[in-house]
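Student: Sequence:
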Amino acid sequence: MKTFSTDKYTPIDYLTWILGDEARKGANIKRLGVLRPRELKLLEAFVPYQDCRNDPGHGEISTLIGIRLLDYLPGIREIVVPAVLGHDTGWYGTDPDAWKRLVEANKENLKSLDSEVNRRPHQNRGIIVSGRIFQKIGYPDEKYHFEIADIIGDHDTRKLPTTDSGRIMRIADLLWRVTYPCVQIYMANLCSEEIFKRVKETCIEGEKTHLGEIGLRIGRLEFANTMFFKFGKEARKVLLPEYKEELERIVLFSG
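Each residue of the sequence shown is one higher than the one before, counting from 1 in this note's numbering.
This list has only true hints and no planted wrong ones.
Taking lysine-lysine and the DSS-like style, the derived pairs with C-alpha atoms no more than 27 angstroms apart in a straight line are:
1. Lys159 - Lys208
2. Lys230 - Lys200
3. Lys244 - Lys208
Because the hints were derived from the structure by calculation, they are not lab data.
Working from the sequences, and respecting the hints, build out all of it.
Tutor: This is the structure:
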């Protein structure tokens with residue numbers, strides 16, 4: 001495994017990033033060429049069930065981050081990638097705008113969204129959807145199915161201990177919250193100060209325990225990347241001095 005270095009980590013390049021329905025179909029992760037042939041087949045099979053909360057790009061970005069985390073953390077790729085691809089497929093068949101309404105209604109207390117009643121049903125359904133896809137595609141190997149089911153079944157509620165691969169899946173899912181597509185979906189009309197405060201509370205600071213050291217470092221860097229891409233030089237006033245190292249890396253990356 002690699003040792004994480006801010007200077008050597010390559011942030012997501014939003015200048016070339018495709019948003020919207022093509023992202024739901026995995027356009028960006030396909031272009032990057034990081035998926036193996038059977039993973040690509042799995043991605044295609046999941047498309048009808050992917051990003052069903054009108055959050056296109058969630059599946060592919062979380063999968064990309066999960067693959068990157070495998071460079072720094074122990075885990076089994078044959079578990080991590082299928083688990084990330086399938087983790088939110090249980091939202092299929094529900095009102096696609098219901099979650100956004102819930103977020104808006106609870107914007108003063110977003111942690112309240114993490115209740116059993118809000119999270120457990122889609123986890124349970126996601127196990128069924130993913131299991132059917134695995135059987136249809138013949139990948140991953142059946143020996144991994146139970147662990148993947150356990151990971152999907154508790155990825156948001158996080159009531160039970162998890163495995164190395166499960167930790168990676170949870171981190172990858174959480175780090176979706178720091179990305180530009182997520183900000184544009186849920187926070188497009190907020191000012192830089194409001195976005196900075198919300199993301200710190202709901203991901204960076206609020207999820208330190210689950211992110212761990214590597215997840216936190218990647219999260220901080222990708223958050224600086226999102227803020228600089230969205231607000232340009234204006235982002236400096238909220239990122240500095242706390243995110244000085246990350247901002248310097250992003251400015252260099254952005255050219």
